[in-house]
Amino acid sequence: MMRNRTAAGGGTRKDNLWAFLQCAHSLLFLCQDGQQESCSAVLQMASDLQIAVRTVTVEELKNELGSAKIGTRLYVCGDYQFVRGLENVLFSFGITNEELWSDVTGATVHPVLCAGCYHRNDPVAGSYIHCEMCGRMLEVSNHYSKKLDAVMGYIVLPEQLVFKSEEPQPSRTTPEGR
Amino acid sequence: MLSSRFPFPLSADIFQYSNNLRPLDTNVSIQVTHEYTEEVGLKRSLLKQHPERCFREEIHTRDAQWEVLNYVLHQLSQVYPEHFRLRQEGDNWIFENTLLGEEVHFRDLDNDSLSCAPLDFAGRQVQEDLILLTQYDDKLVLEAGQLCFPGNWSLYFDFGMPFMDIHTPVPGLIDDGLAAKIERFLMRVESGKPWTRLNWSLNAGRRLDTSAETFDEWGPYRYRVTEDNVGHLVHLRVEEQNLMRMPRSNSLLFTIHTYLMPLHEITQNQTWTNRLYRVLCTLSPKLVEYKGLSAYRDVVVEYLAKELRVNT
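Chains as they are written, first to last, in the numbering used here: chain A, 449 to 626; chain B, 2 to 313.
Just so you know, these hints were derived from the structure itself, not from any lab.
Do not take every clue at face value.
As the list claims (entries may be wrong) - Only pairs whose alpha carbons sit at most 25 Å apart, straight line, appear in this in silico DMTMM-like list of lysine to aspartate or glutamate:
{"#": "1", "chain 1": "B", "residue 1": "K287", "chain 2": "A", "residue 2": "E607"}
{"#": "2", "chain 1": "A", "residue 1": "K517", "chain 2": "A", "residue 2": "E547"}
{"#": "3", "chain 1": "B", "residue 1": "K140", "chain 2": "A", "residue 2": "E607"}
{"#": "4", "chain 1": "B", "residue 1": "K49", "chain 2": "B", "residue 2": "E103"}
{"#": "5", "chain 1": "B", "residue 1": "K182", "chain 2": "A", "residue 2": "E607"}
{"#": "6", "chain 1": "A", "residue 1": "K595", "chain 2": "B", "residue 2": "E58"}
{"#": "7", "chain 1": "A", "residue 1": "K594", "chain 2": "B", "residue 2": "E103"}
{"#": "8", "chain 1": "A", "residue 1": "K595", "chain 2": "B", "residue 2": "D166"}
{"#": "9", "chain 1": "A", "residue 1": "K594", "chain 2": "B", "residue 2": "D139"}
{"#": "10", "chain 1": "B", "residue 1": "K307", "chain 2": "B", "residue 2": "E290"}
To be verified - With beta-carbon atoms standing in for the labels, derived distance ranges:
{"#": "11", "chain 1": "B", "residue 1": "G161", "chain 2": "A", "residue 2": "K462", "range": "27 to 35 Å"}
{"#": "12", "chain 1": "A", "residue 1": "G514", "chain 2": "B", "residue 2": "Y137", "range": "36 to 44 Å"}
{"#": "13", "chain 1": "B", "residue 1": "G91", "chain 2": "A", "residue 2": "C582", "range": "50 to 58 Å"}
{"#": "14", "chain 1": "A", "residue 1": "G542", "chain 2": "B", "residue 2": "D139", "range": "18 to 26 Å"}
Positions of the beta carbon are idealized from the N, C-alpha and C atoms, including for glycine.
Just chain B, with the same shape it has in the complex:
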């Protein structure tokens, strides 16, 4: 039985960017939820239709990708043994995915034994997007990634960029020196000690694939939010991001699991409603704009206020 899961991201009544990474105590970095079949199916369909948009790699990262594949498949088989099995027979590895009714045979480090790049293959087994950062010249660089559910960014564009350059568009992150501090922190992450953080935004519409490439498809819904539809149309979007060192290649694996919950479900929880209401009321104008909330924040705030009045 697969679980339902929604990690609520707001831990205070005021939101500002910070280094909110904390140790991942459980050591479970891959979450398999009851949306698994639907979301993995969507990922594979996007990868087929938009390969350039959803997967990028520097070919020299292949060994690091194999390390990620190894890590992901072991995670799946150890944490969810009822759904995934991994066994070795001689030089062959056999991975069984009972949720999708698949069995794959491959040989470690043998690129020809897989139908796609190792990181791509790993990403096709999980709901998470997988980003691989290599570390050299005292910086982190995005050198491989499978990204199907971006929160309004482009892997095609950010591919090959250092960590600092990737974060140019985030208000204040570079100028305040925070991005540099976070990068230094990440470069010291040790193998076997994964970290986690939650990122959030609002989505007008239930859509995981909010890539910069398709903004003209999903962006217009921001302007269609009304008092009547806000509870069902607007979703709290949460990215559960985990980060871990791959010891052999010294690269960093960054996993992103995206969750959506409509506001009418959020408001079933009084604490969540209150917190989201307060955060939206005090969010800085720059962040309102960056998170794409300008067009409908007021409607959401009014809706949450009404729900709070009803329930007190």
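Next up, chain A with everything else stripped away, as it sits in the complex:
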């Protein structure tokens, strides 16, 4: 599955990507090793629009930023950790959302913020966790904060759970209550 940040504003992914590239005079292209196949559509579209594409490494990208001209756009692609790490660097250089398109490949698993104590729990796959800090049971939601880079872990009450066996396992996919 591929997700991209810019498409969240509406329109199809293709439309939004087209709009993003149309504003570009040149494109700095950075793709994590092994993910090149995911980027073929982007490269094709850039070619159709006759945009100069320069493939760069992470180090080259950092160096390029200082001398990049207005109209330069950036494209990055890779797994979640790769893209998030790179975005943090790029935003610290003053790159804006309008100048960057990032595609995340594979599963996106975010840290989980405990609603009760604000502890940021390590990313986990699954619907429920116990907070590492306060021990509260949390429902892992899809409500994501970019600022905190975490999804909300809502407090689950014992009353909301139905125990199916000796192991406490929630029987519902979504506890009632929000």
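Since the structure of chain A is already known, use the hints to place chain B on it.
Coordinates of chain B only, in the frame set by chain A:
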């Protein structure tokens, strides 16, 4: 003499989310009711105990916050001159709050002249929660807020989020495209033309501070609602939300005044009882779950039905 007030939120027998904003005809966006001292006291106590939870700001919003402070204090002194006075002496502003016996001196745009951030200060004078949305990149972003009485959400978590992301948890609001339409509507709100809407839910227990952070304190009461206690334990919770453009900063101020009324008082009004009964009977399963009513909706419906039978 402070007034009693309870804006009944249901205007039809069926409830679904819609853009129910309407012009605020009176231009009174701050309501001071007879619960003022109690509720402002509670807000200040929560702010002291849980500052991270109740107040957040991006520092670059300070000018916009000053604009809000200016707006709120002028509202108070113009609408309730018997309780609040605002006057200027040279560079100094003097705000008098006779309900709390306070007098504060400050200078406009001088952050050092106040004991806290301007939006925080404004919020400490009113029962309303105050949320400031800035507008850029064709979207609205929550960049400052004082929130003491949330209806099961978290300012700490939602701080810094665009309007669309804030509403991810509301069933259907994003997928149906309604959130995007409302955001577009809000972005066109003009200065001097405030808007208002009512939002509602039920609360098990009389508690204004129903934050996501404290769900394990107030949530369990949902499971303690019985045929015997429903009339006193369950409250209709209404949020009167006003929205206005701050012309200088172009930000939007969103005020939320929360009201609670126990069901046994609601049932004194036959029309209200009937309407709430019908809405609860027809509420979609997703909304029943989202509003946290699954555990006790049936008890409430049965109680309202009984009251209607008694009174007809």
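Outcome of the hint check:
Between K287 of chain B and E607 of chain A the alpha-carbon distance is near 19 Å, which keeps this suggested pair within the 25 Å criterion. For the suggested pair K517 of chain A and E547 of chain A, the alpha carbons sit about 11 Å apart, so the restraint of at most 25 Å is met. Pair hint K140 of chain B plus E607 of chain A does not hold up; C-alpha atoms about 39 Å apart against a cutoff of 25 Å. Straight-line distance between C-alpha atoms of K49 of chain B and E103 of chain B comes to about 18 Å, which keeps the hinted pair within the 25 Å bound.
A distance of roughly 37 Å separates the Cα atoms of K182 of chain B and E607 of chain A; the hinted pair therefore is violated under the 25 Å criterion. In summary, the hint linking K595 of chain A to E58 of chain B is supported, as the alpha carbons are separated by about 13 Å, within the 25 Å threshold. The suggested pairing of K594 of chain A with E103 of chain B is violated, with an alpha-carbon distance near 40 Å, which exceeds 25 Å. For the given pair, K595 of chain A sits about 11 Å from D166 of chain B by alpha-carbon distance, which is consistent with the 25 Å threshold.
Distance restraint check for K594 of chain A and D139 of chain B: the Cα-Cα separation of roughly 18 Å lies within the 25 Å cut-off, and the hinted pair is therefore satisfied. Among the hinted pairs, K307 of chain B with E290 of chain B is consistent with the structure: their alpha-carbon atoms are about 24 Å apart, no more than 25 Å. In this structure the hint that G161 of chain B and K462 of chain A lie 27 to 35 Å apart at CB holds, the actual value being about 29 Å. Between G514 of chain A and Y137 of chain B the Cβ separation comes to about 26 Å, which falls outside the hinted range of 36 to 44 Å.
Here the CB-CB span from G91 of chain B to C582 of chain A is close to 52 Å, well matched to the stated 50 to 58 Å. A C-beta distance of roughly 20 Å is found between G542 of chain A and D139 of chain B, which places it inside the suggested range of 18 to 26 Å.
Checked against the numbered hints above, the structure breaks hints 3, 5, 7 and 12 and satisfies the rest.
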